[in-house]
Amino acid sequence: MANHSQFGFQDASSPIMEELVEFHDHALMTALAICSLVLYLLTLMLTEKLSSSTVDAQEIELVWTILPAIVLIMLALPSLQILYMMDEINEPDLTLKAIGHQWYWTYEYTDFKDLTFDSYMTPTADLPLGHFRLLEVDHRVVVPMESPVRVIVTADDVLHSWAVPSLGVKTDAIPGRLNQTSFIASRPGVFYGQCSEICGANHSFMPIVVESAPLANFESWSSLLSS
Amino acid sequence: MRRLLARRMKFHLLGAFVVSVGCATLYKFIVAEPRKRAYAEYYKSYDPMKDFEAMKAAGVLECAPPK
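Chains as they are written, first to last, in this note's numbering: chain V, 546 to 772; chain E, 36 to 102.
It is possible that some hints are incorrect.
[What the hints assert, rightly or not] Lysine to aspartate or glutamate pairs mimicking EDC-like chemistry, simulated, CA-CA at most 16 Å apart:
no.	chain 1	residue 1	chain 2	residue 2
1	V	LYS642	V	ASP701
2	E	LYS71	V	ASP656
3	V	LYS715	V	GLU742
4	E	LYS45	V	GLU606
5	V	LYS658	V	GLU564
6	V	LYS715	V	ASP632
7	V	LYS658	V	GLU681
8	E	LYS85	V	GLU691
9	E	LYS45	V	GLU593
10	V	LYS642	V	ASP671
11	E	LYS71	V	ASP663
12	V	LYS642	V	GLU653
13	E	LYS71	V	GLU563
14	E	LYS45	V	GLU742
15	E	LYS71	V	GLU567
16	E	LYS102	E	ASP82
17	E	LYS63	V	ASP570
18	V	LYS642	V	GLU691
19	E	LYS63	V	GLU764
20	E	LYS71	V	GLU564
21	E	LYS79	V	GLU653
22	V	LYS642	V	ASP659
In short, the hints are calculated from the structure, not lab data.
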């Protein structure tokens, strides 16, 4: 989860999120270069005393056409690379359905028999010591670690969005539509997210908690819940 | 004064370019590269089972309560 006053991304817990963090550094570096250039020139213009009666400047026109085109290509290439990487067919080991309601999530593990549960936010009054306010749920989504997981996201009533920043996942939940996303949890742990599409009064109070564990523990958890 | 504006403009345009590339390079070597190295170092000697056992002992996992 994010710390208070955190500025940057949460630590990446999936390979795609690691790529996204790296791309963000690249894009921010480019933005910093452009902003510092503009700031320098702006300061110069504001302190400049000479006036100009230039009517024609072919060379600089060429430079400030070609250079931005190069910058845009430098941004587009890694961006498209990651976009296509996200859509690779990765033979998921598990398929999970996340259904958004007002104001909770339902998870269906249809690979197993009768493994469906609702996930409501734990009210603050009922929070055990050390747990996170507005982030904890009564039933967490458990997935096996280091395994590709496919999540099919939909909604029952209004628009919602299933987002877990640490895993690099955010997918809109649209009534009547199935959206697919996938992730690999690189390590065991607990990853928090929140509904990311305004859906009514309790939009801020329907969090998502994904717990990743070794396959053996996932299997014992799933057989316990199925029975 | 002949070609003064052209000279100043050329000087400052080059200066602006150097400043912007300098800022980008600083960001790359102060933020981006250390972050890449940090991730690589973390996963080089990472033991997921050891991490899992520590989390289990701490009682943070719903699917693996501490005994």
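So, going through the hints one by one against the coordinates:
1. V:LYS642 <-> V:ASP701: Given pair LYS642 (chain V), ASP701 (chain V) holds - Cα atoms ~12 Å apart, limit 16 Å.
2. E:LYS71 <-> V:ASP656: violated (37 Å)
3. V:LYS715 <-> V:GLU742: This hinted pair holds, its Cα atoms lying about 10 Å apart.
4. E:LYS45 <-> V:GLU606: holds (14 Å)
5. V:LYS658 <-> V:GLU564: violated (35 Å)
6. V:LYS715 <-> V:ASP632: holds (14 Å)
7. V:LYS658 <-> V:GLU681: Not satisfied, since the Cα-Cα distance of roughly 26 Å exceeds 16 Å.
8. E:LYS85 <-> V:GLU691: Given that 16 Å is the threshold and the Cα spacing comes to 15 Å, the pair holds.
9. E:LYS45 <-> V:GLU593: The given pair, whose Cα atoms are some 14 Å apart, holds under the 16 Å limit.
10. V:LYS642 <-> V:ASP671: Distance of about 27 Å is beyond 16 Å: violated.
11. E:LYS71 <-> V:ASP663: Status violated; Cα separation ~38 Å.
12. V:LYS642 <-> V:GLU653: Roughly 5 Å separates the two Cα atoms, so the pair holds.
13. E:LYS71 <-> V:GLU563: holds (9 Å)
14. E:LYS45 <-> V:GLU742: Violated - the C-alpha atoms of GLU742 (chain V) and LYS45 (chain E) are around 50 Å apart, more than 16 Å.
15. E:LYS71 <-> V:GLU567: holds (7 Å)
16. E:LYS102 <-> E:ASP82: Distance of about 21 Å is beyond 16 Å: violated.
17. E:LYS63 <-> V:ASP570: holds (8 Å)
18. V:LYS642 <-> V:GLU691: violated (19 Å)
19. E:LYS63 <-> V:GLU764: violated (43 Å)
20. E:LYS71 <-> V:GLU564: holds (10 Å)
21. E:LYS79 <-> V:GLU653: violated (35 Å)
22. V:LYS642 <-> V:ASP659: It holds: about 13 Å lies between the C-alpha atoms, which stays within 16 Å.
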